[in-house]
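Residue numbers (the numbering used here), protein chains in the order written: chain A, 1 to 160; chain B, 1 to 195.
Hints are computed from structural coordinates only; laboratory data are not their basis. One or more of the hints may lead you astray.
Here are some, though not all, of the chain B residues that point toward chain A, as calculated from beta-carbon distances under 10 Å [stated by the list, open to error]:
id: 1; residue: Ser2
id: 2; residue: Ile11
id: 3; residue: Asn12
id: 4; residue: Cys13
id: 5; residue: Gly42
id: 6; residue: Lys43
id: 7; residue: Leu47
id: 8; residue: Thr49
id: 9; residue: Phe59
id: 10; residue: Glu66
id: 11; residue: Thr72
id: 12; residue: His75
id: 13; residue: Gly95
id: 14; residue: Leu158
id: 15; residue: Pro160
id: 16; residue: Ile189
Covered stretches of chain A (in silico footprint by chain B; criterion: 3 or more residues with CB under 8 Å from a CB of chain B, positions within the stretch not fixed) [to be verified]:
id: 17; stretch: 23 to 37
id: 18; stretch: 58 to 64
id: 19; stretch: 120 to 127
Just so it is clear, CB atoms sit at the ideal spot from N, CA and C, and this is done for glycine as well.
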Amino acid sequence: MNSGLVMYDEEFRAVTGVCEHLCRDANANVVFLVDKNGQLITSSGRAKGELDTTSLASLTAGNVAAMGGLAKLIGEKEFPTQFHEGERESLHMSIVAGRVVLVVVFDARSSLGLVRLRVKKASEEIGRVLEVVAKRQASTGGQSPFAEITDEDIDNLFSE
Amino acid sequence: MSFINYSSREINCKIVYYGPGLCGKTTNLQYVYAKTNPESKGKMISLATETERTLFFDFLPLALGEIRGFKTRFHLYTVPGQVFYDASRKLILKGVDGVVFVADSQEERVDANLESVENLRGNLAEQGYDLDKLPYVIQYNKRDLPSAIPLAELRRDLNPRGVPDFEAVAPAGKGVFETLKAVAKQVLIELKKGG
Numbered sequence: 001m002n003s004g005l006v007m008y009d010e011e012f013r014a015v016t017g018v019c020e021h022l023c024r025d026a027n028a029n030v031v032f033l034v035d036k037n038g039q040l041i042t043s044s045g046r047a048k049g050e051l052d053t054t055s056l057a058s059l060t061a062g063n064v065a066a067m068g069g070l071a072k073l074i075g076e077k078e079f080p081t082q083f084h085e086g087e088r089e090s091l092h093m094s095i096v097a098g099r100v101v102l103v104v105v106f107d108a109r110s111s112l113g114l115v116r117l118r119v120k121k122a123s124e125e126i127g128r129v130l131e132v133v134a135k136r137q138a139s140t141g142g143q144s145p146f147a148e149i150t151d152e153d154i155d156n157l158f159s160e
Numbered sequence: 001m002s003f004i005n006y007s008s009r010e011i012n013c014k015i016v017y018y019g020p021g022l023c024g025k026t027t028n029l030q031y032v033y034a035k036t037n038p039e040s041k042g043k044m045i046s047l048a049t050e051t052e053r054t055l056f057f058d059f060l061p062l063a064l065g066e067i068r069g070f071k072t073r074f075h076l077y078t079v080p081g082q083v084f085y086d087a088s089r090k091l092i093l094k095g096v097d098g099v100v101f102v103a104d105s106q107e108e109r110v111d112a113n114l115e116s117v118e119n120l121r122g123n124l125a126e127q128g129y130d131l132d133k134l135p136y137v138i139q140y141n142k143r144d145l146p147s148a149i150p151l152a153e154l155r156r157d158l159n160p161r162g163v164p165d166f167e168a169v170a171p172a173g174k175g176v177f178e179t180l181k182a183v184a185k186q187v188l189i190e191l192k193k194g195g
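Construct the complete structure from the given sequences, taking the supplied hints into account.
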């Protein structure tokens, strides 16, 4: 089985900080970071409480996966960025470090140009954090942080 | 591929329900959704055609409880069962932690079941997974139908390895939670091993 993504407090705070900055600097309504398998990593802006971020994350991953499939069919590796324009709000998605998707939701108070510019910088910063995560995971040799869980703990979860 | 967040103390895992068209994958999720407390579930999303056939996937986020202070969340997905949606099925298997194969017990679906298992094995292999090494559970659905073939035959055809398997009547809920618990348990055991 492929080893999953494990994020510690410091790394989580770092990527959340980048998303908060991006939300502010790009005048965006919502910014969220999703792993390519549809798990929400973090979010900022209006996302807190108001939006169904779990559904958003899953649909984002589905969309990116479908576009990736289309890309391969026409001989492209992937479509690293996507932009969807709505009547009031628009959506910008970009793949970061081949592993996560950075999503920005914005309206007329911002612009595609500004979002693109800020996303570029934020992507580099997130990429650096993910590099640290990957290095740490490689150096621990994929050892499970859950090795201490007992069979009993697992059984208890399912006993009613 | 699980996601463990130490900051929010959450474990997220992905389970995929696979099987031939109309075998009851969506029905499994609908039953789980209907019978789960509102605080333990998120919104169920179904990307379906106008005739309610799954077009891309169904999605149901579920919280199962805590292990050593970590909230365990399972994301349940179904694939579209119809043969020609193979490209979509492959995408949904990305990052999977555990698979439920829902078989249709009816005699006329014997070939469709076998074809679907082979398709599952092949699509997993393309993503670098080996079905024999992945948490895997089989559900024999539609046991209440008159054309259902004996359990022993289904087992012989679909479960040579003897993975956990369950008889089910998904619309009535029979076997639905047993199946889910069995696969979730296997996923957590795998996570403990370090994947």
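Could you tell me which of the hints above the structure violates, numbers in ascending order?
-> 8, 14, 15 and 19
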